[in-house]
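Novice: Here is how the chains run, residue by residue.
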Amino acid sequence: MPSSLELARLYDDHAQALFGFLLNLTRNEADTRDVLQEVFLKLARQPERLNGVRDERAFLLRLAHNAAIDRLRRAVTREKNYEELAAESASAFARAHDPDEQGFRLALAAALGELPADQRAVVHLKLWEGLTFEGIAETLGLSPNTAASRYRYGLDKLRARLRPLYDEIK
Amino acid sequence: MKPDEFEQQLQRQPLRSPPEEWRREILEAANAAARAQTPAFNPPCEPWWREWLWPSPRAWAGLAAAWVILLALNTARLATPPGVASVSPPPSREMIMALSEQRRELAELLGDAQERSPAAKPAPPRPRSERQSQKTSV
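So the sequence lines, in the order shown, correspond to chains V and L. Taking our numbering, the leading residue of the first sequence gets 1, the next gets one more, and so forth. Taking our numbering, the leading residue of the second sequence gets 171, the next gets one more, and so forth.
Taking beta-carbon pairs under 7 Å as the criterion, some of the chain L residues facing chain V (in silico):
1) 176
2) 187
3) 204
Note that these hints are calculated values from the structure, not bench results. Ideal placement from N, C-alpha and C gives every residue a C-beta, glycine not left out.
Model the full structure from these sequences, guided by the hints.
Specialist: So, in C-alpha cells, the structure goes:
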C-alpha cells in the first residue's frame, strides 16, 4: 500500500500537468476530475505500477491519456458524438488580465477543441510538457514519425485559425 | 528543431491549476481505496485436519460413519455372554447312540494297534541305502 504521504507527493508533483493535459483532451472539467481521480485510485490500488518507472511524469501522463481515451469512447457511444464533445469548451489556460491576451487564450482553447483528440494530445505534450517526439511516442503508444506528423497537422491548423489574433498581439 | 515564434507564443500560455478542493477529495478517495486493498484481518490458519479433509468432507464423513457403525456392531456382538451363543438343543437319542458306537469302534481299533506293535516308539529314519537293501531282502 503506498503511504498517504507518497500519494500526496505524487499529486503535488504532477496534478497540475495532468489537469492541463486532461482538460485539453476532455474539454470538460467534470470528466477531467473523474479521470484524475481514477489515475490516483489506480496508483493507490496498484502501487507496484510505479516500480521501476524512470519518468513518473511520462508514466502518469500515459495512464491519464489511456483513462481519458476510454472515457471519451464510452461517452461517444453512450450519449454524445465527437462534434458535441469537441464543442465543450473548458479552457486549460489560466485567465489573463490583459484583454488581448485573454482573447488569444480563449481563441487558442477553442482552436484546440477543433483538433481531433489524437492531434490535441500530441500538441499539448509537445508545447506544454516539452516532450520530444520520442517521449510523446512512448507516452501515447505511437511511432515517433506518427507523433511528429500529428504535431505538424495540429500546429498548422492552429496557425491558420489563430493567425489574425496572433498578428494583432505580436 | 527549434520552435518558431508562433510555437513559442503558444508555449508561453500558462495552464490553469486544478481547483484547490480536488486535492483533498482525490487524496481522500485514493487513501480509502488503498486501505480497502489491505485485508481488515488475517483469517486464522485452518487446522491441519480440515485442510486434509477439505476436498471431499462429505465422503470422509460417510466413511467415518460406516466405520462407527461397524465398530458398534462388533462391540455389541462381543458383549453378548458366551453361554447364550452355546446353548443348543440336547442331542437326540440316535445321535448319542451313534457317538457311543463311534467311540467303541475307535477303542477297538486303538486296542488292536497296541497289540500289534507294543513298542509305540517311532524308529528314527534310516539312510536311503539301508531302506533299499531292506526292500530287496523282503
